[in-house]
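**Student:** Read off the chains here:
2 protein chains.
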Amino acid sequence: MTGPEGLNPPHISSLTALSAAVRRDEGVTGPKGFAAAGIAAGIKKSGARDLAVIVNTGPGREAAGVFTTNKVKAAPVLWSQQVLTTGKLRAVVLNSGGANACTGPQGFADTHHTAEEVAAALTESGTETGAVDVAVCSTGLIGDLLPMPAVLAGVRTAVQQLSTSTEAGTDAASAIMTTDTVSKEAVVHHQGGWSVGGTAKGAGMLAPALATMLCVVTTDAVATSEQLDTALRHATKYSFDRLDVDGATSTNDTVLLLASGASGVAPSEAELTEAVSAVCDDLADQLMGDAEGVTKRVHITVAGASSESEALTGARAVARDSLVKTALFGSDPNWGRVLAAIGIAPIALDPDRISVFFNGEPVCKNGVGVPGARNVDLSGMDITVRVELGIGAAEATIRTTDLSHAYVEENSAYSS
Amino acid sequence: MTGPEGLNPPHISSLTALSAAVRRDEGVTGPKGFAAAGIAAGIKKSGARDLAVIVNTGPGREAAGVFTTNKVKAAPVLWSQQVLTTGKLRAVVLNSGGANACTGPQGFADTHHTAEEVAAALTESGTETGAVDVAVCSTGLIGDLLPMPAVLAGVRTAVQQLSTSTEAGTDAASAIMTTDTVSKEAVVHHQGGWSVGGTAKGAGMLAPALATMLCVVTTDAVATSEQLDTALRHATKYSFDRLDVDGATSTNDTVLLLASGASGVAPSEAELTEAVSAVCDDLADQLMGDAEGVTKRVHITVAGASSESEALTGARAVARDSLVKTALFGSDPNWGRVLAAIGIAPIALDPDRISVFFNGEPVCKNGVGVPGARNVDLSGMDITVRVELGIGAAEATIRTTDLSHAYVEENSAYSS
Chain A
-11 MTGPEGLNPP
-1 HISSLTALSA
9 AVRRDEGVTG
19 PKGFAAAGIA
29 AGIKKSGARD
39 LAVIVNTGPG
49 REAAGVFTTN
59 KVKAAPVLWS
69 QQVLTTGKLR
79 AVVLNSGGAN
89 ACTGPQGFAD
99 THHTAEEVAA
109 ALTESGTETG
119 AVDVAVCSTG
129 LIGDLLPMPA
139 VLAGVRTAVQ
149 QLSTSTEAGT
159 DAASAIMTTD
169 TVSKEAVVHH
179 QGGWSVGGTA
189 KGAGMLAPAL
199 ATMLCVVTTD
209 AVATSEQLDT
219 ALRHATKYSF
229 DRLDVDGATS
239 TNDTVLLLAS
249 GASGVAPSEA
259 ELTEAVSAVC
269 DDLADQLMGD
279 AEGVTKRVHI
289 TVAGASSESE
299 ALTGARAVAR
309 DSLVKTALFG
319 SDPNWGRVLA
329 AIGIAPIALD
339 PDRISVFFNG
349 EPVCKNGVGV
359 PGARNVDLSG
369 MDITVRVELG
379 IGAAEATIRT
389 TDLSHAYVEE
399 NSAYSS
Chain B
-11 MTGPEGLNPP
-1 HISSLTALSA
9 AVRRDEGVTG
19 PKGFAAAGIA
29 AGIKKSGARD
39 LAVIVNTGPG
49 REAAGVFTTN
59 KVKAAPVLWS
69 QQVLTTGKLR
79 AVVLNSGGAN
89 ACTGPQGFAD
99 THHTAEEVAA
109 ALTESGTETG
119 AVDVAVCSTG
129 LIGDLLPMPA
139 VLAGVRTAVQ
149 QLSTSTEAGT
159 DAASAIMTTD
169 TVSKEAVVHH
179 QGGWSVGGTA
189 KGAGMLAPAL
199 ATMLCVVTTD
209 AVATSEQLDT
219 ALRHATKYSF
229 DRLDVDGATS
239 TNDTVLLLAS
249 GASGVAPSEA
259 ELTEAVSAVC
269 DDLADQLMGD
279 AEGVTKRVHI
289 TVAGASSESE
299 ALTGARAVAR
309 DSLVKTALFG
319 SDPNWGRVLA
329 AIGIAPIALD
339 PDRISVFFNG
349 EPVCKNGVGV
359 PGARNVDLSG
369 MDITVRVELG
379 IGAAEATIRT
389 TDLSHAYVEE
399 NSAYSS
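The listed protein sequences derive, respectively, from chains A and B. Under the numbering used here, the first residue of the first sequence is numbered -11, with each subsequent residue one higher. Under the numbering used here, the first residue of the second sequence is numbered -11, with each subsequent residue one higher.
Just so you know, these hints were derived from the structure itself, not from any lab. Values in this document were obtained by computation on a predicted structure and should not be read as measured data. Just to be clear, a hint being listed does not mean it is correct.
Given that identical chains are not distinguished, each listed pair holds provided it fits within a single copy or across any two copies.
[Said to hold, decoys possible] With a straight-line cut-off of 30 Å between C-alpha atoms, the simulated DSS-like cross-links for lysine-lysine are:
| id | residue 1 | residue 2 |
| --- | --- | --- |
| 1 | K353 | K33 |
| 2 | K225 | K59 |
| 3 | K33 | K20 |
| 4 | K32 | K353 |
| 5 | K59 | K76 |
| 6 | K353 | K20 |
| 7 | K76 | K33 |
| 8 | K353 | K59 |
| 9 | K76 | K225 |
| 10 | K20 | K59 |
| 11 | K353 | K76 |
| 12 | K76 | K20 |
| 13 | K225 | K33 |
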């Protein structure tokens, strides 16, 4: 479920058993102790679903979060970072149709008000909740205030509709979509009697194709917030952080992990990390496959580097190169562009030792083209690019996409 | 001649008098002491001109060069860097139709052979020349060997056709074009009785849209190679280095400056630098206007930064952001993307102090949208984006373009 045969980056090879167990027919309500709802609150002009509430019904409410590294952070990010300092969350409210970023003090007040409304509605329905227990996530156009009457009324409706059903989880998944064409869900039911589920939208912590990548992961495992934090940081490092569609990083990127403890099982740190990683990796794979304008799913590996960090820098440089990405769109095995791209990466390399492979076929050996390199078939949707630097033993893989007409089309006509 | 009214970056404001004097009806043969030729040697399948020779007939032959910073350097770059260590050049031979990059020892031998052929042909025609006096520049697809019989025969033909006429300079300018739609030339005739002329192709030392940016500048001023080096480094720093179409840097980028001394006039270092800068700046402007798929000519200024270097880093981050560039293609005043782009630049900033202007109109003040910002008219071909960080006094401007369907089209169908 995590991509074509043989494409899994090496860091998750140890997850093979669990990756194979990832399913996509459930999401945040897969684990016990979670209820969700996704409704059309009228934030989007289209009338599509645009507001979701996900509630941890306990008994525990430990949580962890990872947020955008952009210095320009949206109001909901500033809010959620603050409330997460307690290491606990009762609920998450998410909206599409507006990022509530660059909206000043009013935008922050609106986020606060939204959290208060969720808390009030949950308290009225019998679950004592404070605004400080509610994380807020928003996605959409930067710079406009949200239509608060619609948001607040929507919160009330969503809380009334909360359900632990699979469908409720899927409704929540669809309510956070922006230019996504399909909702994304993943779940692992561990044989030890506990589960991890999640939903996501967008295209990667380091590279949202549009506005924002949001992800909520739930588990019924028993875990401390420190354990959740460790598991989530590891999972995002090897999944969303290595998905790079266009090099942009949004003002709103947020990944949350909530634990209900409802299974009564406390897995080991390693088991928990493995399961959270498997779910995040599968969601990252779904995001790549549904990135804006994607016609190619591309894995870029840089191997033989002096360190994993240098390998990652090199892979990211190739993944972000517009000339490489347009060539892949054209199914053109133009390996010279790969060399030109890696050559400007700030990493140690020797041009005369670089070899390049497209879909496993050698196209450049020790810096010189291989006969037949121009005939390698890149017409399929999945492409692997492997660059061997020949100076060390470290490697890293980045997932990316091609640069297509559809990418230009979607992104040139967004706010207008 | 250097762009729409008011768009000239501040660093060349002192050049106003000279900028106004830049003409585009002559190029490398504008200054005295230079002959040129541009012919169709059969390197390009299209039958278009593809080989140029530019000769310094003296009396001097001082020269300087600036080359790509890409660690993967084409054979002609390695060759030309080597021969320029003498600070002298008699001639430059340039070809389009093939970059001769990533071609190994054979590619380097071919470059050497080409220089030898130019030297032999010039010597036979009465100008004693060694291969070490000849720089070589190539542009086109990376990874293939050049068709040497065509190149060598072409060198002979070109040397026979050498002429000091304006047309010969223009022929040379057209012979180095790849995806350029028009040839680029510029000349300044200084009132002191000396001139600087030049030709260029591609799109910027730090951002060739395709394969390579090549530029040859000539002058009949009397100058030492050290003075030429100083003048050329200053000129490229503020012109080609601040033109950034897609963030790529080619394996072949080369800018050469040759001085014949034929005017008998030795201008001051400042005068020479000013004139070389004016010619390079005008050529950079022509490159921007003819970049691949360009539908918008964009000037991105970051002001109020703590240093010029930070301003430049910020401007480059905005100029390279695919979401900003697609929005500009769509004439969409999506200022939020500008904030998201500057927010990931590794520079000092305070999100609450950032203001943004499109075409001089405020769209974001202190991190918050200005009413009416979505209605700013960006439908014209020239767009200015100004970001004021409000934390210092330094500023820098990058020239760039939008990201259009035509860019994707040209670059997805290049080698095939």
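**Student:** Going back to the hint list, which numbers does this structure go against?
**Tutor:** The structure conflicts with hints 3, 6, 7, 10, 11 and 13, although it agrees with all the remaining ones.
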